[in-house]
Each structure stands twice: as C-alpha cells, then as structure tokens.
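Novice: Spelled out, the chains give:
There are 2 protein chains.
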Amino acid sequence: MTINRLKQLFTSPRSVAFIGVPRKSGPGALNPVDNLNQWGYDGSVHLVHPHVQEIAGLPVVPKVGDIRAHVDLAVISTPRETVPKMVASCGAAGITAVIVTNQGFAEADPRGRELQTAMLDAARQYGIRIMGPNTLGVINGFDRFNTSFMPLRREETPVGVICQSGVFFVGSTQLVGGMGLGVDLGNTSDVDLADTLHWMAADTRLRVVALHAEGISRGRAFIEAARGVSQRIPIVAVKTGRSPAGAKAAATHSGSMAGEDAVVDAAMRAAGMLRVTNTEELRDLVRAFIRLPPMRGTRVAVVTLTGAGGIMLLDALARWDLEPASLTEAALARVQSLSPTWMPLSNPLDIWPALMKNGMKKVYKLSLADVLSDPGVDGVICVALGLPPAEQVTLGAIDVIQEVSAKHDKPVVVWCYGSHAAEAVSLLEHGGRALPVPSLERGAFVLAAMARYERWRSTASRPAA
Amino acid sequence: MTINRLKQLFTSPRSVAFIGVPRKSGPGALNPVDNLNQWGYDGSVHLVHPHVQEIAGLPVVPKVGDIRAHVDLAVISTPRETVPKMVASCGAAGITAVIVTNQGFAEADPRGRELQTAMLDAARQYGIRIMGPNTLGVINGFDRFNTSFMPLRREETPVGVICQSGVFFVGSTQLVGGMGLGVDLGNTSDVDLADTLHWMAADTRLRVVALHAEGISRGRAFIEAARGVSQRIPIVAVKTGRSPAGAKAAATHSGSMAGEDAVVDAAMRAAGMLRVTNTEELRDLVRAFIRLPPMRGTRVAVVTLTGAGGIMLLDALARWDLEPASLTEAALARVQSLSPTWMPLSNPLDIWPALMKNGMKKVYKLSLADVLSDPGVDGVICVALGLPPAEQVTLGAIDVIQEVSAKHDKPVVVWCYGSHAAEAVSLLEHGGRALPVPSLERGAFVLAAMARYERWRSTASRPAA
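Protein chains in written order, with my numbering: chain G, 1 to 465; chain B, 1 to 465.
Isolated chain G (complex conformation) (with noise of 0.2 Å):
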C-alpha cells in the first residue's frame, strides 16, 4: 500500500465500521459514534453488534461479513479474545485497515502478548496494517473524522499530533495546544512513528508536528522519516523513559525497547527534531510554531516596564544559548529623547521612565518599532501590563505591540502581568502575530528552539560537500 493511500485509509476514510460499539448513545455514554456525527463525518458509517438492531439511530449487522458495502476502515472494540477473529474476519470482508482500540494486550500479561501476536498473524495473513491496539486511534478536524470514544472539540489547528497515548487527544489543550489531525499509536504493534510521520511530512494543512514517544521502533526508519519532516516543518517531541526506572516502565506500557537515551537524543537533533522536556515546553514551541515568524538567528532584544524582569530575562538568556541584541544608537535615539536625561538605555530596553513622561502607547509604539528595524536583532521580547480597566486605558499597550509586531517579519513573545494579565493575554490570544507566554523565562526558551531550528534546516538544506 501506498503512503498516500494508507493514510487516506486510516485519518479520512469514506466508510467506517465500529466492531463492538456502545448500545448506548447520547450524553454520558461515551459513544464513538455520538462524536462522528457531532463533527459532520460526511462517509458511511457501519456498526456491528452481535444483539441490537439499532445504535444512535443507525442500522445495526451482527457480523463484520453481513455489511453490503465496501469499507475502508474498521474500528473494534470487543473484548481481547475475540480480537485476533476479528482481525480475520474483517480480512475475509476485503478491510485492509483496522484500528484495534481496546486494553489488555503486549503492554498487560503474557496472555495479551499472546493475543496481540495471534492478531497480528491474523492481520498479516490478509494484509491488513492496524494501528494499535490499545488506542484512541484517529482524529482528524479538517476532514471530520474521528475514532474516539472520548467526546473531542473539532479543530482545523495547523498541528499533527503523533502519540503513544490517548492522553495527548483528551489533553490537548494542556499539552499540545492545538490539534488538526492526530494519531495515538497506542502498543504501536504494526502502523508506526516511521509511517505517520511521512503521513505528516506531505500534508501541506500542518505547520508543526507534535510528537511523543515512549519507545522507538525501526529506529533508522524514524530517524529518516523525522528527517524529511523537518526540512519542511519543525518536529517538537517530548520522548519520555529518560529516567532508568520512566525507561523500564516506557518499555512495558508500549511493549517496544524505549533505547539508550543519549543515544537517541543524539539521534534526534541530528534529524533537525526539537526534543523537549516536558509538555509545557512542547505546548509552548507548537503554539510559537504556528504563530510566529521564523526567529533567524540568536540575538534578542528586550522592551520591558521592569528592570527587575530585563535582568531575569538576562539570565534567562544565558541560559538558552542566546544573547542580547547590541542595540544601535539609531535604534535607541528615539526612546533616550523620550526619557529623563539620567536614565541609562540598552537592552534590556527599559521604557518605564519614558512612557511616565510621554504616555505608554507613544513610546510603546515607537520603541518596539525602532527595536524591531534594528538589523542586528533577530527577536524580541516585550514585557506588558494587564490591570483594571481605568489604569489600563492608559498603561495599556497590547493593541500596539499587535499592531507593530504585524509589521515586522521578526518574532515577538509578549509576557503579561498585573491583576488583569488574563485578559490581556486574551486580546494576544485572540488576534495578530505577537504571541503571548506564560513567563519571561518561557519566552526566552520559545526564541532558543526556534533560532535551533532554522539553524538545523538552514545546514541540513545545504547540497552535500
């Protein structure tokens, strides 16, 4: 099979069948089909259940061989004995893809290893690929597909999201921040990081992929994929079993070999993919990925009310390998006219005596213009302030940052605090390019992996010597 056709099969097929489905539906029931219909799943959808004849209001066949239609795509959810007959069965009815979601197999007893091998015999046999078991399986928002049990919220978010774990799709929000199409891999028994990720690699709808492994398998093969990837849009990958005893537990909940960590931390930098710690930080470099402009280089600039936070952001900076922009006089001019004679400027740009003088928006305005002009810087951070609606009228500065930052092909984190920041962040979330960030020290890691990034791809675009 095809790429392209593998993929079609399994993230937007024309015909779905669901082996083993809930007889109940509506609210509480957790019901795959409920979600379907929710989002507007446009194909056929068929349900197979040894004992009703009717679920969600849709006909119901006791066997996977009584449909008179052709599918693309069959979902079961029976008990684990039953799994690898079913596997058969839906190979003796022509179906190619299966997703098999339910728990107790490889990463349960020697019973379920057992099992998963018998099913994957079965699927062998008829040259079925199945992606599973032990997974939410598919999401996919721009085509109204999915296979959760879980209800989700549709979203078009230019983000594929491949994981070994459910959590990612229920999670999203708290740990990827956004999801257009998604795949949990589950035990990963057959369909693999390798074959999503060149699923992702062609599909012009993403701009960032999300990835989060446990184990690796066909190692060179994901390290190639992730490759060709990368060279297009970035990679963020969270690989857990870091720790020996996360390691020993990653290998028993996936059922594959988790690896000797350096060597594939070094695996995956050199394949351009940007391995984080923890889901904060992956949430916070997809969010920066779809959002802002590419950060070309590693020198920031700094435009603060506080110097106390210029000076973090100092640290911060050391911390993550960038260094702060030498600002030029022309760059500068403008604010020193606007500040008191005694107030020394660099960068960190501290603009809390200018704008005491001058009003915030003025000098807000000009000095963000003026930093962002200035050649020698490649990003900037802005410190702004949410307060109460009266003082914010006049110490307000998100509409301009908005409408600067649009001006510029420079990216631009904004970090807000006071008894109103939410709201602030509000306004950020909700229109422009600038990109709010939960502290000054996440906005320097954001610019840090992106600067990584571009390097990476600008060396791995260059021909071979």
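Keep in mind the hints are simulated off the structure, nothing from the lab. A few of these clues could be false.
Given that identical chains are not distinguished, each listed pair holds provided it fits within a single copy or across any two copies.
Okay, derived cross-link-like pairs now, DMTMM-like style, lysine to aspartate or glutamate, Cα gap no bigger than 20 Å in a straight line [what the hints assert, rightly or not]:
1) 248 x 321
2) 357 x 81
3) 24 x 34
4) 24 x 265
5) 248 x 109
6) 85 x 121
7) 248 x 323
8) 357 x 54
9) 361 x 391
10) 407 x 374
11) 85 x 190
12) 361 x 399
13) 24 x 391
Chain G is already provided as a structure; the job is to place chain B on it using the hints.
Specialist: Quick look at chain B alone, frame taken from chain G:
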C-alpha cells in the same frame, strides 16, 4: 530602633504623610491616596504639596513642617534634586521612617549616585531609616495599609514578600501567587533584606516568605536572618544575576554587588532557603506551602488515569531526586480486585481499567485512600479529568480527591487535563487541601522542594553536638 518598632513604622503606621502626591485622583490618576482609601486604612493621612489646597478630598499643607500631628512614616515622591532636602525636613519634623519612591538615583547616573549619598547623609543626621529609592514601598493587606501608586487588590494571603522591584507587587498573581505583606526595597540604600527578614520572622500571620534579590548587602546578617525565618517558615527565593550579563545588570539596577553566584547559592542553601530558578517555580512553591501539609520524605505515589502520564512522572521524580514509593500489597489489593485480571498494578497506579469497569468515583476514592494510608508514601500526585458536564458526572473525581485528601496529613497535588480542565482546577482552587498543579512535572518539583525544606528543618533544629 527595635525591629518591631521599625516594622510597625513602615508596615502599619498610625499616621502617614505623602510628600509629592499627584494632584489628580480617581481612576487612571495613579494616586496612592486613592489606593489607601480603597483599602480602608484607618490611620491618619497627611498630604504635602506646595501648590494645591486639596487632593482626593483631603486637606493639603505646603510643607512637612506644617503638619500639626505626629507622623509615623513619610512617603516622598518629589523630583530627585529635592529629595535630600525633603528627607532633612522630615527629620526636622521628627519623622524617623521614610520611603523614597522615585527613580533616578544610584541605578541611573553619576548625579543620581551623588543624590542618593546626600539623601543618606541627611537621614543619618536625623536618625532616619530609608526604604528605597526606586520603590512602590509597602503593602500590608492585613492592616489595610499600602503606599503604592499602582492600584493593587488587598488580600490577607499568609505570604510575606521581600523584593527589589515593584513588578512583584503589580504582578503578584503571576510571580508569587498571593501576597498579604509586601516590601519593595528598590535600590536598598538603607533598609535591606536582613532588616525585613527579621520583620517576617516573628509575623505569625505569615506561613511562607517569597524573596526576590538582585544584590545582597550585609551578607552575613542576611544569611543569619534567613536561617531564623527558615526555622519557622520556608523562604522561597529568586536570586537573579545568575549569568555574568545578568549579574552586571543587577549590580547596576540595585546599586549593590550581585556576588559570586555559586557562593551565594551555597550560603542560601545552608540557611534553609529554597532557591528557585524562575518565577513559575516561585509561585508553585508559595502556593504549595500555604496549602499543603508537610512532605516528610521523598517517596511519592501516583494515582493516574494514563499510563503515559505515569511514565512522564517517573522521569520527573528521578529528575528531582524523589523516589516512586513501593506500594504495599495492602495498598494495591482493593484496586487489583476492581481491575481486569490482566492489569498489572504498581506505582504509578493506573486506575483506568478499574474505573472503566467500576466507575470513576468509587475507584478513585478507594485507591487514593489506600495509597495515602500506606506508611511508605510521603506524598501523592493525582491525575484527574476536566470534561464537558455530561461526561464529568461519570468521569470527574475532584470531589472525591478533595474528600479523601482532607482526611490525611500528607500533601496531594493534582494535574487536570481535558477540554474543561480549567473548571476542574477552579474547583480545586476554591476548596479543600489538594493543590492543582499546571503540569505533571511541576507537581513533582513542588513535592521535591517541600521534602528538601522538611529535611533541612529537621537537621537545623537539632541541638549542635
């Protein structure tokens, strides 16, 4: 002056004089008198201004010497050239505590350094203690007193804050997570970290101290004061200027030496302080110490709905020198009886298969109770869902987590995920003892720091051999 007298003059004066207060009042005027009124301060307020007779409905006198009453504290906000003279006139009027708010002193230019010296000379002549310059001064939610021109919400959170920048007052929610008593030392020309640590040491309204230091003067006094505080309540500290660039900037900003970072670090640790590397850690720990019972060891149990989350936690526990608790058979027996026979159970304790059979609330309640009762467990990290209302009825566990946590004297932190995680977090915020954490990894960080503090305290309180 005794410590208590100094603290009373600065943080809960019976009478305060504002010298150089703005003429305007009301929303947007940034007038400290408005903020005092809004907080319901019941001491007497005197205003000094050469050109107006009334501000914010209060009478104004042209000179400090014209005030016909005793004044505990003067707040000077006049242009920098006038400050040494103003301090002298405060001295002549019998005032012994002065806050100087304006910028343009040692942090600015050579003239600023001269003026700061002249101001200190005048203060010394009259026995005046000075806080600042370059400060928002003091906020004391307990006694309804503040000197800030930025409007701040009054609260009685049992957190004392000592900082060298007003950003910690205005951004207290983002940076600290709460503040009942706050002292912004600004340039720290006189009243310093050691002084104010002594104020906090004896204040039984406080349960944790958050400290932000750019430079440390009187190092030995600082460390001794910190040790004294730490024996009663923890100090969580951000010491900036870790990097050479940051250290140089910190020395300029506060006018003091930042010190060799490794030396500072070792001294802070020996005094029991919990030094953190960023403000998110500061906020996490402050929130933990005011909410949670002590973490008496390093053995952590995890109750999880996701195997992948459990593995991430094993990595995080290893990173922070915690260990996964070895759960006893007694602690595991009940969950095992509720789980499918194939489910291997250990720590992290994955209860998903059990609850799919027996319901979330029943399984969560029993398993959390059993784990908390295990004598080999010092603290627990819980994973919980926040879903749409229809699903939350069956898959929500916040209520049982709160109920069970309240019965045990061990810290419980909770990471929530799902489309409605914010609602689950809000429930946790507003009731019970279990603390919501923004990620699994930060849950581990919090328990680790709490364990470190308890270990230090048990050693420090032992009599010397």
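Novice: What hint numbers does the structure not satisfy?
Specialist: Numbers 4, 8 - these are the hints that the structure violates, sorted from lowest upward.
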